[in-house]
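Colleague: In the order they appear, the protein sequences are chains A and B.
The numbering of the first sequence is our numbering, which starts it at 408 and goes up by one.
The numbering of the second sequence is our numbering, which starts it at 6 and goes up by one.
By construction, these hints were calculated from the structure, which means they are not laboratory data.
Possibly wrong hints are sitting among the right ones.
[Stated by the list, open to error] Part of the chain B face toward chain A, derived, beta carbon under 8 Å: (1) Ser39; (2) Thr42; (3) Trp46; (4) Asp72; (5) Ile73; (6) His81; (7) Leu108; (8) Leu109; (9) Thr350.
Just so it is clear, CB atoms sit at the ideal spot from N, CA and C, and this is done for glycine as well.
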Amino acid sequence: MSQAAEHDAVIEVRDFTAAFGDRIILEELNFDVRRGEVFVILGRSGSGKSTLMKHMIGLHAPRRGTIRIGGDDIASADEAQRLRILKKFGVMFQSGALFGSMTLLENVRLPLEEFTDLPNEALTLIATMKLALVGLESFAQMMPSELSGGMKKRGAIARAMALDPQILFLDEPSAGLDPITSAELDGLILRICRTLGMTFVVVTHELPSIFTIADRVIMVDERTPGIVAEGLPQDLKEHSEDPRVRRFFHREGGSES
Amino acid sequence: MVTRDGEAGETVNLLVQRTSDGALSLTLAGRLDSRTTGHVWRLAEEALGNAGTSQLVVDASGLEYCDISGIGLIVHWRRRQRDLGASFDLRGESEEVRRLLDLLWEGAGEEHAPERSRVAWVEQVGQAAVAQWHACRDLVAFVGHLTVSSARVALRRQKVRWDDAILVAEAAGLNALPIVVLIGFTMGLIIAFQSAVSLRRFAAEIYVPDAVILAMFREMAPLFTAIVLAGRSGSAFAAEIGTMKVNEEVDALRTMGLDPVPFLALPRVLAGVLVTPLLTVFADLSGLIGGGVVFASLGFPPVTYVNRLLMRGDLVDFFGGLFKSLAYGILVAAVGCHHGLQTGTGARAVGESTTRSVVAGIILIVIADAVLSFIYYVLGI
Numbered sequence: 408m409s410q411a412a413e414h415d416a417v418i419e420v421r422d423f424t425a426a427f428g429d430r431i432i433l434e435e436l437n438f439d440v441r442r443g444e445v446f447v448i449l450g451r452s453g454s455g456k457s458t459l460m461k462h463m464i465g466l467h468a469p470r471r472g473t474i475r476i477g478g479d480d481i482a483s484a485d486e487a488q489r490l491r492i493l494k495k496f497g498v499m500f501q502s503g504a505l506f507g508s509m510t511l512l513e514n515v516r517l518p519l520e521e522f523t524d525l526p527n528e529a530l531t532l533i534a535t536m537k538l539a540l541v542g543l544e545s546f547a548q549m550m551p552s553e554l555s556g557g558m559k560k561r562g563a564i565a566r567a568m569a570l571d572p573q574i575l576f577l578d579e580p581s582a583g584l585d586p587i588t589s590a591e592l593d594g595l596i597l598r599i600c601r602t603l604g605m606t607f608v609v610v611t612h613e614l615p616s617i618f619t620i621a622d623r624v625i626m627v628d629e630r631t632p633g634i635v636a637e638g639l640p641q642d643l644k645e646h647s648e649d650p651r652v653r654r655f656f657h658r659e660g661g662s663e664s
Numbered sequence: 006m007v008t009r010d011g012e013a014g015e016t017v018n019l020l021v022q023r024t025s026d027g028a029l030s031l032t033l034a035g036r037l038d039s040r041t042t043g044h045v046w047r048l049a050e051e052a053l054g055n056a057g058t059s060q061l062v063v064d065a066s067g068l069e070y071c072d073i074s075g076i077g078l079i080v081h082w083r084r085r086q087r088d089l090g091a092s093f094d095l096r097g098e099s100e101e102v103r104r105l106l107d108l109l110w111e112g113a114g115e116e117h118a119p120e121r122s123r124v125a126w127v128e129q130v131g132q133a134a135v136a137q138w139h140a141c142r143d144l145v146a147f148v149g150h151l152t153v154s155s156a157r158v159a160l161r162r163q164k165v166r167w168d169d170a171i172l173v174a175e176a177a178g179l180n181a182l183p184i185v186v187l188i189g190f191t192m193g194l195i196i197a198f199q200s201a202v203s204l205r206r207f208a209a210e211i212y213v214p215d216a217v218i219l220a221m222f223r224e225m226a227p228l229f230t231a232i233v234l235a236g237r238s239g240s241a242f243a244a245e246i247g248t249m250k251v252n253e254e255v256d257a258l259r260t261m262g263l264d265p266v267p268f269l270a271l272p273r274v275l276a277g278v279l280v281t282p283l284l285t286v287f288a289d290l291s292g293l294i295g296g297g298v299v300f301a302s303l304g305f306p307p308v309t310y311v312n313r314l315l316m317r318g319d320l321v322d323f324f325g326g327l328f329k330s331l332a333y334g335i336l337v338a339a340v341g342c343h344h345g346l347q348t349g350t351g352a353r354a355v356g357e358s359t360t361r362s363v364v365a366g367i368i369l370i371v372i373a374d375a376v377l378s379f380i381y382y383v384l385g386i
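Take these sequences, add in the hints, and give me the full structure.
Modeller: Laid out in structure tokens, this is it:
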């Protein structure tokens, strides 16, 4: 690998193998996520793409290999290092996972309260600005149960951005949303990525979303060691020889050949 | 000059100066991020507090990095100056800071006041009263629903999930046996001790067994068994059904044409009916053993204790107590299921239902005890 490319990578995954018990989910994955790009992990349902993300954010330990985030391996980090690595990224979970007992503003304030020494006034101002960034500033005092699905996800993105991380992980941002809301969310992701220079790692299988937001994609499959395909979505759709990739991008069903 | 040290290279400097024309000059240098901003914020606040309404000049030319928290600080200064009618001048900011500031100034312009309107206390009392009234009405409706379901089962018009009932009976009954036996034994011990203290004055310790058997059979065993059931199982019913409600599983049942009351509540109530009297019998027996231990320690042979028990023991007392425990079992199980089905949305609602099921369960046990005791008195039982 060239010196320049190495410098560019904010996440480096090397020889990564994930397994639960005896069952190997993903094997021998190698890839980089570059600074400021929207990196999409795609695959069929059950292909292990969410599992891959859960390893990347440190919820599971890999069976083998390393996952370096900003140069630090999250798998082998001790408690103090881990806390430092965790502050480099924010995560939006599939259902948002906003705390139901707090208002939207309190949800965004929480990480700021816990990890900074900002005065109270500053906490509210900064949390409100984060909400403004996702267009929810006028809903600050609502409870999560009073918000629609799309608003919950936007709120979760605002909370993930609370501590200004370099990287945002999004788990299926379009899942369960109508096409319009989904497109709006794609627009938001692109806007944040371009204006703030954040790096996005997105797990999704929604084709329209992939073509809109992805700078680069990788496709994983449980039965295949390594990455099935890597590249620009448009290139993969038009030029890939791999039947799995072709079927995915052309929405073809049918039995495994 | 102040420096906020952090990890290598992650520091910010703030220089506060008074310029010759009376303006306050703040010079920022280094990294302004969510970790370093708080310190600078406080220091600047102090300087601004002393400065009053003077011009503010911020020099950001030395800023290497500035994230949204840092922009928040600049927005805060700018807004303060605007509100005071004083001038604000930002100099030397990078292209990126300028862009972020433009992006975020709009949204952060005004904070949104809480939209929850304040309600006068009279209105609050009224709302609480109405809520209580609705709660009572719902409870009555639930009791009616449960009764109709039971009647339909009795008339064989409706199936009941006996497998579920047996599983629940095992969890609520068999698994509660150790604690019920422990509490029963301790209650017997306590009653025997307390009565022995009083009876000793009259040299009438021989009546200790009478007190134990009367108190345990008629009152203590059913009461404490029911309270254990409310704490262990009523709460579990409320939490389980409440979580099902939150996860829309109850709605799924409804759309399948399965009524949640006979499907979820009835097996649990039947299990409660089944296990509470059984547990009470064990509480009775362990209470008598506990009393016997104390009686023996007073110097009486065991045969005296058994004789006294047989002489005083009365099947009417025994079955009167079991009937009470049956009533408590129905109440505790039904209230647990009722509050589970009344659960709102979110994790907190499940917690609230669980609390309510235990509190309401214990209150209903005590009320039912009072009513039944009165009825027994009138009937001369």
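Colleague: A separate judgement is required for each hint: does it hold in the structure or not?
Modeller: Each hint tested on the structure:
1. Ser39: 5 Å, holds
2. Thr42: Holds, because the Cβ-Cβ distance from Thr42(B) to chain A comes to roughly 6 Å (cut-off 8 Å).
3. Trp46: Status holds, d = 5 Å.
4. Asp72: Holds. Min distance 4 Å.
5. Ile73: 5 Å, holds
6. His81: 6 Å, holds
7. Leu108: 6 Å, holds
8. Leu109: 5 Å, holds
9. Thr350: Status holds, d = 4 Å.
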